[in-house]
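Single-letter residue listing:
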Amino acid sequence: MQRAATLLLLAMPACHRAPPPGAAEPFPRVAAVFRISIPGTLVNFEMVQVPAGEGVPSFLMGRTELLWDAYDAFMLSTPDPSERSGADAVARPSRPYGAPDYGWGHHGYPTISVPREAAEAFCAWLSARTGVQYRLPTEAEWRHAAALATSARPLTRHRLDSLAWHAGNSGGTTHPAATKRGDALGLFDLFGNAAEWVVTGDGRRVILGGSFRDPPDTVGPDARAPQDDSWNERDPQIPKSRWWLSDGPFAGFRIVRELP
Amino acid sequence: MTTRRNFVKTGAAVAAGLVLPKGLHAIPPGHAEAIRVGVIGCGGRGTGAARDCMRAADGVEIVALGDVFPDRLEQCRMNLGKLAAENPAIAAKYRVTSERCFSGFDAYQRVLASGVDLVILATPPAFRPAHLAAAIAAGKHVFMEKPVAVDATGVRSVLASSEIARQKGLAIVAGTQRRHSKAYRATIERVHGGAIGEVVSGQVYWNQGGLWMRERKPEWSDTEWQLRNWLYFTWLSGDHICEQHIHNLDVANWIIGAHPVRAVGVGGRQSRTGAAYGHIYDHFAVDFEYPTGARVLSMCRQIDGSANSIGEWFAGTRGRAEPAKGIEGPSAWRYEVADTPGVISNPYVLEHVNLIASIRAGAPLNEGRQVAESTLTAIMGREAAYTGQVVTWDELLNAEQRLVPDVVAFGPLPTPPVPMPGVTKLARTFADV
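Residue numbers (our numbering), protein chains in the order written: chain S, 1 to 260; chain A, 1001 to 1433.
Among these hints, one or two may not hold up.
Dumping the calculated SDA-like pairs for lysine to any residue here, alpha-carbon to alpha-carbon at most 25 Å [claimed, not checked]:
(1) A:1082 to S:93
(2) A:1325 to S:102
(3) A:1168 to A:1137
(4) A:1325 to S:234
(5) A:1325 to A:1363
(6) A:1325 to A:1198
(7) S:240 to A:1339
(8) S:240 to A:1212
Here are some chain S residues the structure puts well away from chain A; computed CB gaps all over 10 Å [claimed, not checked]:
(9) 34
(10) 55
(11) 57
(12) 89
(13) 91
(14) 103
(15) 130
(16) 133
(17) 234
(18) 235
(19) 237
(20) 242
Quick caveat, the hints were computed from the structure, so don't treat them as lab data. Nothing here was measured: the structure is a model prediction, and the numbers come from that model. Think of the CB as a built atom: it goes at the ideal place given N, C-alpha and C, for glycine as much as any other residue.
All chains, please: the whole structure from these sequences, using the hints.
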């Protein structure tokens, strides 16, 4: 079955959200933005090429955090006959008893309240749907992108305010993706809004970048939080859900794709 | 004669520094005989409540389990065993043996007869009134999940059992855990102190997507299929306005300090129309009128792809309150107490902390009437939508409404019809429209 993804090279950095977000910071030039459609859905997402660095080959990274629009397409889809069955099958998230988005906003907002395994299951589903491998960034890839995003100028409080939703400006909720300025790489919300799952060398569950709940001095390229029991404290069921974090409104993710 | 209950109270009296009558030996704290707990209804919530109970206090032991389904019983045992294996503090309190694991329709009676002091009632709500009555008759303290009934007959039974519990000095705590949340308690205490003046209106919502559904297996009888998919049958769950939205309606009754007297509502079954989803509705909107004149708009929805909103908001003559967060207006105040490591702040655990402490202090909490009234409030909203009529508290409380069939074995059981406004009557039984 032909499952090739649509891969478009857009002439201008464009965003599907209207009105357009604040322009990216003027340096360096954003090389390219790729818009990718998810077959069988009306959902698309955008990726930006991150240049290579020491020990890190160039790769594509989600221009925004993964939005509910895409996650819903995964969650509400039914397995089709072309999907693998048995142990290789991609399971769908269980239905939450409650509102993982806390009613703050859904379409155009970053996916939150998801554990790392759920983010990885999304990547597996997207890979199966598109025939191209998507995954979470490694911690090295995320840090490399964060370093490039902030390398041109120091990350002052004023600059952080223009780039990131944090506890000092968020009002205690997530915000629509790409409503702060883009960074020097053309990425949005790398710091703040949702914190982002990465794959670590030792396998520990860690989110990076800080979130809308964190004070501004703790949001940025060095923000790193390992998961603890408090993130799923109030799930009243045993076994606790492996698909939702009952107390993790800050936990989201961004996907990456390797370049050939 | 020293009964187990006296014994436990004695230990608590010592701990509380009370003077003991002559002839009683002081028992060092921590050495009082344990409170022995049985679980009736071993699904995910019953298992979770057992865990929460073990986390709530020392001197508490889970000793017996009961469920109609042997597989659910085994899963519960396996999951609690796993928790015990991972956590020595839990292991010391987990004392379930094969001889005290019971399945079948009479499992609850066998748990009650197994030498327990306290039972956790966590089956689907249909069975709560009968299980509560049996537990109170047997002299057991009770933690029971919400809602506590699905029809007027069941609510009347719970009210009667709660009164008998009061006379017998037995504790009843319900799974309306917002009542044990520090933020809700602190905010509502201020509202009751006049922080927003008189409450004149409110909005209470539980709008979310759809919930789990178990595909029917060919070997399942009608009864087994309905029990395993209990959410989707009014006789089992009370419909989602009772099963889920009761949390928010309970907050309205709490903050106003009364139950509503009239309800007008709409509702329907718009997205979950397949047979797999039984016969319940997927949305309700209800206007509740309180004896103070306050009006509360209630909304609940379980429809995929729709906007989520869960919470409670109230307007008073001098400000507004959102009990989960705080107060706006001249007496503005926010609940901003950071959790202290080692101090329990999870309301699902606190409800057990408060229950056990009340038993040990000899002043048993009794939330029976309060949760029965909140259950009837939810039923009132449901019935306003189902019947299309104005429903008053008094006519509902006295209605000949008996939705739970006598189920004592697996076998044929039809899916009741979808309720139809203008046709469905308040006074009805299981099979009536």
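Now for the hints, and whether the structure bears them out:
The suggested pairing of residue 1082 (chain A) with residue 93 (chain S) holds, with an alpha-carbon distance near 23 Å, which does not exceed 25 Å. With a C-alpha separation of about 14 Å, the suggested pairing of residue 1325 (chain A) with residue 102 (chain S) holds against the 25 Å cut-off. With a C-alpha separation of about 9 Å, the suggested pairing of residue 1168 (chain A) with residue 1137 (chain A) holds against the 25 Å cut-off. For a cut-off of 25 Å, the pair hint linking residue 1325 (chain A) to residue 234 (chain S) stands: about 17 Å separates their Cα positions.
Proximity of residue 1325 (chain A) to residue 1363 (chain A) is assessed by CA-CA distance (about 30 Å); at most 25 Å being required, the pair is judged violated. Annotation: proposed proximity of residue 1325 (chain A) to residue 1198 (chain A) holds, straight-line Cα distance about 19 Å (limit 25 Å). With a CA separation close to 21 Å, the supplied pair residue 240 (chain S) and residue 1339 (chain A) stays within the 25 Å bound. In summary, the hint linking residue 240 (chain S) to residue 1212 (chain A) is supported, as the alpha carbons are separated by about 15 Å, within the 25 Å threshold.
At the 10 Å boundary, the C-beta of residue 34 (chain S) stays outside the reach of chain A, the nearest C-beta of that chain being 27 Å off. Annotated as non-interface, residue 55 (chain S) keeps its C-beta farther than 10 Å from every C-beta of chain A; the closest such distance is 37 Å. Distance to chain A confirms residue 57 (chain S) as a non-interface residue, since its nearest Cβ pair spans about 39 Å, more than 10 Å. For residue 89 (chain S), the condition that its CB be more than 10 Å from all CB atoms of chain A holds, with the nearest at approximately 15 Å.
With a least beta-carbon separation of about 13 Å from chain A, residue 91 (chain S) lies farther than 10 Å from that chain, consistent with its non-interface assignment. Annotated as non-interface, residue 103 (chain S) brings its C-beta within 10 Å of a C-beta of chain A; the closest such distance is 4 Å. The beta carbon of residue 130 (chain S) sits about 22 Å from the closest Cβ of chain A, which is more than 10 Å, so the claim that it is off the interface holds. Non-interface call for residue 133 (chain S) relative to chain A: holds, since the shortest CB-CB distance, roughly 28 Å, exceeds 10 Å.
The Cβ of residue 234 (chain S) sits about 6 Å from the closest Cβ of chain A, inside the 10 Å cut-off, so the non-interface label is violated. Not every CB of chain A lies more than 10 Å from the CB of residue 235 (chain S), the least distance being 8 Å, so the non-interface label is violated. With a least CB separation of 4 Å from chain A, residue 237 (chain S) falls inside the 10 Å interface cut-off, contrary to its annotation. Non-interface call for residue 242 (chain S) relative to chain A: holds, since the shortest CB-CB distance, roughly 12 Å, exceeds 10 Å.
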